[in-house]
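Take the sequences, apply the hints, and build the full model.
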Amino acid sequence: MLVFLASNLGIIGHHIRLRTSFLRTEDGSELLAEQPAHFWWPGPRLATATGNGYHRLEQRFQAYPGERLYGLGQHTHGRLDQKGAVVDLVQRNGEVTIPLLVSDRGYGLLWNSPAIGRVELAETGTRWVADSARQIDYWITAGRPADVLRRYADATGHAPELPEWAAGFWQCKLRYRTQEELLEVAREYKRRGLPLSVIVSDFFHWTHLGEWRFDPAEWPDPAAMVRELDELGVKLMVSVWPSVSPGSDNFHPMLDRGLFIGSEYGPVAHADWPDKGLGAYSAQVAFYDATNPEARDYVWEQIRRGYHELGVKVFWLDASEPELKPGHQNGLRYHAGPGLEVGNLYPRENARMVHDGLRAAGETEIVSLNRSSWAGAQRYGAALWSGDIGTDFASLRTQIKAGLNVMMSGIPWWTTDIGGFHGGDPDDPAYREVLVRWFQYGTFCPLFRLHGFRGPSQVLEPAMTGLPNEVWSYGDEAYEILAEHMRLRERLLPYVMAQMRAAADTGLPPMRPLFLEFPDDPGAWLVEDAFLLGPDLLVAPVTAAGVRDRAVYLPGGARWTDAWTGAEHEGGQMVTVAAPIDRIPLFLRDDARLPIRVES
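Using the numbering used here, the first residue of the sequence shown is number 537, and each one after it goes up by one.
Errors might be hidden in some of the hints.
Stated by the list, open to error - Using C-beta positions, here's what the derived DEER-type ranges look like: (1) Glu720 / Gly867: 45 to 53 Å; (2) Ser565 / Arg654: 26 to 34 Å; (3) Gln994 / Ile1117: 43 to 51 Å.
Stated by the list, open to error - Result set (DSS-like, lysine-lysine): computed pairs, CA atoms no more than 30 Å apart in a straight line: (4) Lys812 / Lys849; (5) Lys812 / Lys861; (6) Lys849 / Lys726.
It should be emphasised that the hints constitute simulated quantities derived from the structure, not laboratory data.
Using N, Cα and C, we set each Cβ at its ideal position, and we do this for glycine too.
Written out as structure tokens, the structure reads:
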């Protein structure tokens, strides 16, 4: 067993019961203790042989009455406090494993194993499980949640400072099918005087999956496209998948060099996925092995030639779990080891591929957008988004909690698909309300990004596209609200960038649960539907249809000013404020002055 301790912890072993306790050095009190499974045998650590030197490993810890637990990456179970949850430790679309657990008792624990497994946060005890691994390895530190996040960043790597352009508005949809279609959208934003920082070329822009280049039939002069976007002040982000179709020019060279994820059964790992030239049929695509340095170099070289040489410097690393079918790691072989032992590493190493390639090319502003992550990915400039989610108010409520747990997992750059991904009718008044409220929430997320697959479900094939998803697509009333929130985000950019610098320097996230700033206020720990952007701006999203006011808890130990009305309130109380459709409740802390209203 490997255990790494921060300097503010003591450790004591109880040899008779094979039990280890972690103590606070200032007073010797118990912070966390192992818990034997039985008074005699087994103890708190159990290893069951699975063959070839690997074991199914279990590590048990004591549970404590009233304890609250946060982090663990991003999950859709709808909980901020995860006490009582059972969480699978496996990368899936929308389910992101970053096994850092932060406790209100004053400790943080990183389960430093990329093995597939689970964690059970029961009232009777906590159990970590690795399905197949060679050792138990965890890192533990003590302190308040802010201290834990600072020390975690020191241990696993600090995020770089987010470039200012990346803090602006990102426009995306599934999907712009041609160069001219994408350019015309960017031009229209500029004609309307709306701020636009990033526009996205989604999947199927390529010749074949795994060729990592534009299809000239649809994108005849991408270098000219990038130049025009640069003149408009807009970055182009391009979708990059880890999958390689047998129709790709790269398939056989990569197969011959052993650059794909393999299997114990002979063939490389594969899944069915549409590709151009196959009609209604799907290809059996392979996946490059991101844990193999040679494979990372090979894929980056294709990206460099196909995109970077044209001026593309921002990459969307979609399906980066990777998207296996069926979605398990059993029997897979990576360069780094068996899938059950190392599979959760893949998204971090995929982000590393782009980071290292851009760095070698002389780039200093490195941002990738990833559908999955793991511990330490933040040091590679890897933003996370929440995957292919629903388009209703229930999904929005879940996203607020999921995003805050991402922040408590050491990932400071995060976003959702504003409006959700699966569906949404731009002409439906009910959906327009969802979109407006989600857009208001997204204005205060670390990254501000509109995306989705609007309209009814379609057969997955290369020619597919959804309904319009630009801010003018939802009617005049919604447009005015969305446009004003885009301008609000621009006014707040100096404040947003100050939080991004703080995240890079200290590890403190830009979007914060109330308890991160107010750990001594018991009421702050109970709030799961509001958050702070930085230390000074409290954001209370509206997350139900027809709601035009809402109750907001204002943490004690501060004075709060309603950013819309100027009304002042003492902290430590619940207030009810107006929330008309064009307004999200916002409060300023103490003497903070931020340009929320135009006249301010």
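Could you tell me which of the numbered hints above are not met by this structure, giving the numbers in increasing order?
-> Hint 3 alone not satisfied by this model.
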